[in-house]
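Undergrad: As a plain string of letters, each chain reads:
Number of protein chains: 2
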Amino acid sequence: MAEAPLDVTTIGNAIVDVISHADPEFLIRQDLVKASMTLIDAERAVSLYDAMGPAVEISGGSAANTAAGIASLGGKAAFIGKVKNDAMGEIFAHDLRTAGVKFDVPLATDGPSTARCHIMVTEDAERTMATYLGACVDLTPDDVKPETITEAQVTYLEGYLWDPEKAKEAFRKAIKISHDAGRKTALTLSDSFCVDRYRGEFRKLFEYDIDILFANEDEIKSLYEVESFDDALQHARGHCDILALTRSEKGSMIVRGDEVHVIDAVKLGPIVDTTGAGDLYAAGFLYGHTNGKGLAESGRIGSIAAAEIISHFGARPETPLDKLVETHL
Amino acid sequence: MAEAPLDVTTIGNAIVDVISHADPEFLIRQDLVKASMTLIDAERAVSLYDAMGPAVEISGGSAANTAAGIASLGGKAAFIGKVKNDAMGEIFAHDLRTAGVKFDVPLATDGPSTARCHIMVTEDAERTMATYLGACVDLTPDDVKPETITEAQVTYLEGYLWDPEKAKEAFRKAIKISHDAGRKTALTLSDSFCVDRYRGEFRKLFEYDIDILFANEDEIKSLYEVESFDDALQHARGHCDILALTRSEKGSMIVRGDEVHVIDAVKLGPIVDTTGAGDLYAAGFLYGHTNGKGLAESGRIGSIAAAEIISHFGARPETPLDKLVETHL
Numbered sequence: 111m112a113e114a115p116l117d118v119t120t121i122g123n124a125i126v127d128v129i130s131h132a133d134p135e136f137l138i139r140q141d142l143v144k145a146s147m148t149l150i151d152a153e154r155a156v157s158l159y160d161a162m163g164p165a166v167e168i169s170g171g172s173a174a175n176t177a178a179g180i181a182s183l184g185g186k187a188a189f190i191g192k193v194k195n196d197a198m199g200e201i202f203a204h205d206l207r208t209a210g211v212k213f214d215v216p217l218a219t220d221g222p223s224t225a226r227c228h229i230m231v232t233e234d235a236e237r238t239m240a241t242y243l244g245a246c247v248d249l250t251p252d253d254v255k256p257e258t259i260t261e262a263q264v265t266y267l268e269g270y271l272w273d274p275e276k277a278k279e280a281f282r283k284a285i286k287i288s289h290d291a292g293r294k295t296a297l298t299l300s301d302s303f304c305v306d307r308y309r310g311e312f313r314k315l316f317e318y319d320i321d322i323l324f325a326n327e328d329e330i331k332s333l334y335e336v337e338s339f340d341d342a343l344q345h346a347r348g349h350c351d352i353l354a355l356t357r358s359e360k361g362s363m364i365v366r367g368d369e370v371h372v373i374d375a376v377k378l379g380p381i382v383d384t385t386g387a388g389d390l391y392a393a394g395f396l397y398g399h400t401n402g403k404g405l406a407e408s409g410r411i412g413s414i415a416a417a418e419i420i421s422h423f424g425a426r427p428e429t430p431l432d433k434l435v436e437t438h439l
Numbered sequence: 111m112a113e114a115p116l117d118v119t120t121i122g123n124a125i126v127d128v129i130s131h132a133d134p135e136f137l138i139r140q141d142l143v144k145a146s147m148t149l150i151d152a153e154r155a156v157s158l159y160d161a162m163g164p165a166v167e168i169s170g171g172s173a174a175n176t177a178a179g180i181a182s183l184g185g186k187a188a189f190i191g192k193v194k195n196d197a198m199g200e201i202f203a204h205d206l207r208t209a210g211v212k213f214d215v216p217l218a219t220d221g222p223s224t225a226r227c228h229i230m231v232t233e234d235a236e237r238t239m240a241t242y243l244g245a246c247v248d249l250t251p252d253d254v255k256p257e258t259i260t261e262a263q264v265t266y267l268e269g270y271l272w273d274p275e276k277a278k279e280a281f282r283k284a285i286k287i288s289h290d291a292g293r294k295t296a297l298t299l300s301d302s303f304c305v306d307r308y309r310g311e312f313r314k315l316f317e318y319d320i321d322i323l324f325a326n327e328d329e330i331k332s333l334y335e336v337e338s339f340d341d342a343l344q345h346a347r348g349h350c351d352i353l354a355l356t357r358s359e360k361g362s363m364i365v366r367g368d369e370v371h372v373i374d375a376v377k378l379g380p381i382v383d384t385t386g387a388g389d390l391y392a393a394g395f396l397y398g399h400t401n402g403k404g405l406a407e408s409g410r411i412g413s414i415a416a417a418e419i420i421s422h423f424g425a426r427p428e429t430p431l432d433k434l435v436e437t438h439l
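Keeping their order, the protein sequence lines are chains A and B. First residue of the first sequence: 111, per the working numbering; consecutive thereafter. First residue of the second sequence: 111, per the working numbering; consecutive thereafter.
Certain hints may be false.
No copy is singled out in the list; a pair is fine if it fits within one copy or between any two copies.
[Stated by the list, open to error] With a straight-line cut-off of 20 Å between C-alpha atoms, the simulated SDA-like cross-links for lysine to any residue are:
#1 Lys278 <-> Asp319
#2 Lys377 <-> Ile352
#3 Lys433 <-> Thr232
#4 Lys212 <-> Asp160
#5 Lys276 <-> Asp151
#6 Lys255 <-> His289
#7 Lys276 <-> Glu153
#8 Lys212 <-> Tyr159
#9 Lys278 <-> Asp133
#10 Lys212 <-> Gly163
#11 Lys433 <-> Gly379
#12 Lys433 <-> Asp133
#13 Lys433 <-> Val231
#14 Lys212 <-> Ile138
#15 Lys433 <-> Glu153
#16 Lys377 <-> Ala235
#17 Lys433 <-> Asp234
#18 Lys286 <-> Pro251
#19 Lys276 <-> His345
Treat the hints as calculated values from the structure; they're not laboratory data.
Same shape as in the complex, but just chain A (with noise of 0.2 Å):
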C-alpha cells in the first residue's frame, strides 16, 4: 500500500468494561441472553451494576481495542469515538494513548456519561454483554477530522456504532475521504444483532463501500440470512476486495478473489475470555496488511494477537504483541 504517517485510523464505540463473574442464573433473573451484547439505558445500567458481583474496570470498545492492538504491534493507530470528560472518560483517554493510539477527539463537557460495557463472564469463558452507550452517541461527522483518515492507509468502521443517525453520516463521511484519498475502508459486522437489525445497510455498505470486510461466523450468516457457513461464503466472495472471516477455535478464512487462505487458531495457554477475540484479530490482520505482509502471515498474525487477548480478563494486550509475534509467526 502507498505509504502514510497513519496504518489504521478506527472509529467505533469509546466504552470503559466493567467486567464480573457470573453464574448462568444471574444472567437469566436479569433477563440478558449468554454471549450476547444487550444495549441498555441508563436507569437499567444502574441496577444491573448494583446487581453485579466486584468488577475491575478496563478501558475497551471494539474499535479502540483494535488501534490498541495495532500499536501494541509496533503499528501507527489513531482512534475516533467520543467520551465525556469525567472520571471513565479520563481513564479511557489515558489508556488509549498512553497504548501509542493517537486520540485527539475532543471529550464532551455536557450530556450523557462516558459509556460503559457491563461484562459478565461465566465460568465457560463467554461473556454477555450489556451496553449502557452514553456519550458514544453523540458522535457527529465533525468529529472526523479529514485528515486522521488521509493519513491512514486503512480506515475501519465498527457495526456497533451504525445506529444513531449522526454516527451513521460520521461513518459515510469518513468513507468518502478516504475513498477520495486513495485510501482504503475496512467495516466489522460486529455483532449478529446489528446485522439483523441493518442487515439491508450492511449489505449495501459491504458491497459498494467497503474494501475489507470483517465478520464472524454467525455474523456472515445472518448478513445472507443461511444456515451454513459455506453457503455465507458463496454470497459474500467477489463483493468486496478483502473477506476476512473468523470461526473462534476453527479458526479463521481470507479471501481475496481467487485466492483462498485457511488459518489455524493459535492457543497460548487456558481460555479466561473471550472478550476482544475478534477485535484483536482484526488488529493483527491489518497491522501485516498495512506492512507489506500477505494475507496469509497477516492472518496469522490476527490469529495470534486474538489468542494472546483470550487468555487474559479484558480485550487490551497485557504482552507486547510486536515481542509475541516474534516467538509465535
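Once you've looked at the hints, dock chain B against the given chain A.
TA: Just chain B, lined up with the frame of chain A:
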C-alpha cells in the same frame, strides 16, 4: 470467642488501585523506590498517572481487602473508611458491598476526591506504590459507629491510616469501644516506612492496646530497630496476646505465649502480583480465629488466601476462598 453478629470489622484507607506494568527505569525516572509505598499529593498524582502506561482500575485498600477476603471465606465482615461520592468512590462502595462486606460510612459530598493507589508492577511481580490519600484523610471519630465495633469479635486496624490526627482519634475510639465491650483488637503495621515514622506510637499501641499483631519481617525488625528476624521475635514476644509474623516465601510464624507455630507458604501457580498478600493472610487468619479454628489451622487458611491473591493482578479474591480452603487445607 464470644458469639457476635460480625466476625471482624476492619478500619483503613478506602482506595481504588490503578494497576499498570512498568520498567524499573520508569520507577527511577519517577523517583520512586522499588517495592515501597510513597505518599503523593494531588498534583503529583496527576503527573504520575499521565506518565504511567495503560492501567486497570480495581478496588483496593489494605483493610478493605482484608474485609473482602473474610467475606469470600464465608465470614461476616464490616469496613470503616472514607470515600467521596465520585465515580471512584461509587466503584469502591459497589465492589465492597457486592463482595458481601457491610459498608455504611456515608460518602463525602465535598472535599478531596476518592483515594487512588498507583501500583506499578515490574516483571519480577514486585509492586511499587504511589498513593494519593484524598478523601481518606477526612475519616473522623464520628465515622466509627459504636455498634459496628461492639458487634465484631475483632476490630482490625490498618497502620497506614495512623497519620492524620483525626484518624488516630478514630483508632483510639474504636479500640476503647472494642475493649469496653469485651472484644479484641488487631493491628497491622502495614509498611516499614509507617513504622519508621511512628515507631514510638506503634510500640505503645502494640504493647498496651492491641491483642493481635500482624507484621512482616521488615516491619517487625523496624519496630525494634534490629537486624535479624530472630532478634525482633525475642523483643516482640510476650507483648500482645497473638503475634502473626509473615515472611513471604518463608511462610509465617504464629506465637501466643509458649505456643509457637511455623506455617509454610502455599503456592498456587506462578506469582503474578504480590499486592495484597499480607492483607489476605490477615483475612485468612482472622476468619479462622473468629470461627473456632486453632492458631495453626488459622495460619494455614491465611497462607491459602495469600496464595490466591498473588496468583493474579489485584488484591481482591477472584476465586471464592471458601472453596479454595476446602480443597487445599
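Undergrad: Each of the hints needs a verdict: does it hold here or not?
TA: Hints versus structure:
In the homo-oligomer, the alpha carbons of Lys278 and Asp319 lie at most 20 Å apart inside one protomer (13 Å), although the nearest pairing across protomers, at 67 Å, exceeds that limit. Proximity of Lys377 to Ile352 under the C-alpha cut-off of 20 Å is found in neither arrangement, the shortest distances being 25 Å within a copy and 49 Å between copies. In this homomeric assembly, Lys433 and Thr232 come within 20 Å of each other (Cα to Cα) only across copies, at 17 Å, whereas the closest approach inside a single copy is 30 Å. Taking the closest pair of Cα atoms, Lys212 and Asp160 come within 20 Å of each other only across two copies (15 Å); inside a single copy the shortest separation is 34 Å, beyond that limit.
Proximity of Lys276 and Asp151 under a CA criterion of 20 Å is satisfied intra-copy only: 19 Å inside one chain copy versus 42 Å between copies. For the identical chains of this complex, Lys255 and His289 are intra-copy neighbours only, at 15 Å inside a copy versus 66 Å across copies, given an alpha-carbon limit of 20 Å. With identical chains, the CA atoms of Lys276 and Glu153 are never at most 20 Å apart, being 23 Å at best within one copy and 38 Å at best between copies. Taking identical chains as interchangeable, the C-alpha atoms of Lys212 and Tyr159 lie at most 20 Å apart only when they sit on different chains, with a minimum of 18 Å there against 31 Å within one chain.
When the C-alpha separation of Lys278 and Asp133 is checked against a cutoff of 20 Å, the pair qualifies neither within a copy, at 36 Å, nor between copies, at 42 Å. Taking the closest pair of Cα atoms, Lys212 and Gly163 come within 20 Å of each other only across two copies (14 Å); inside a single copy the shortest separation is 34 Å, beyond that limit. Within a single copy, Lys433 and Gly379 get their C-alpha atoms as close as 17 Å, which meets the 20 Å cut-off; across copies the closest is 24 Å, which misses it. Taking the shortest alpha-carbon separations for Lys433 and Asp133, only the inter-copy value of 16 Å comes in at or below 20 Å, while the best intra-copy value is 36 Å.
Taking the shortest alpha-carbon separations for Lys433 and Val231, only the inter-copy value of 19 Å comes in at or below 20 Å, while the best intra-copy value is 28 Å. Taking CA atoms no more than 20 Å apart as the test, Lys212 paired with Ile138 passes in neither setting, with 40 Å inside one copy and 27 Å between copies. Taking the shortest Cα distances, Lys433 and Glu153 never come within 20 Å of each other, neither inside one copy (43 Å) nor across copies (35 Å). Taking the shortest alpha-carbon separations for Lys377 and Ala235, only the intra-copy value of 14 Å comes in at or below 20 Å, while the best inter-copy value is 24 Å.
Taking the shortest Cα distances, Lys433 and Asp234 sit within 20 Å of each other only across copies (18 Å), while inside one copy they are farther apart (29 Å). For a Cα distance limit of 20 Å, the shortest separation of Lys286 from Pro251 inside one copy, 12 Å, qualifies, whereas the shortest one across copies, 64 Å, does not. Taking CA atoms no more than 20 Å apart as the test, Lys276 paired with His345 passes in neither setting, with 30 Å inside one copy and 72 Å between copies.
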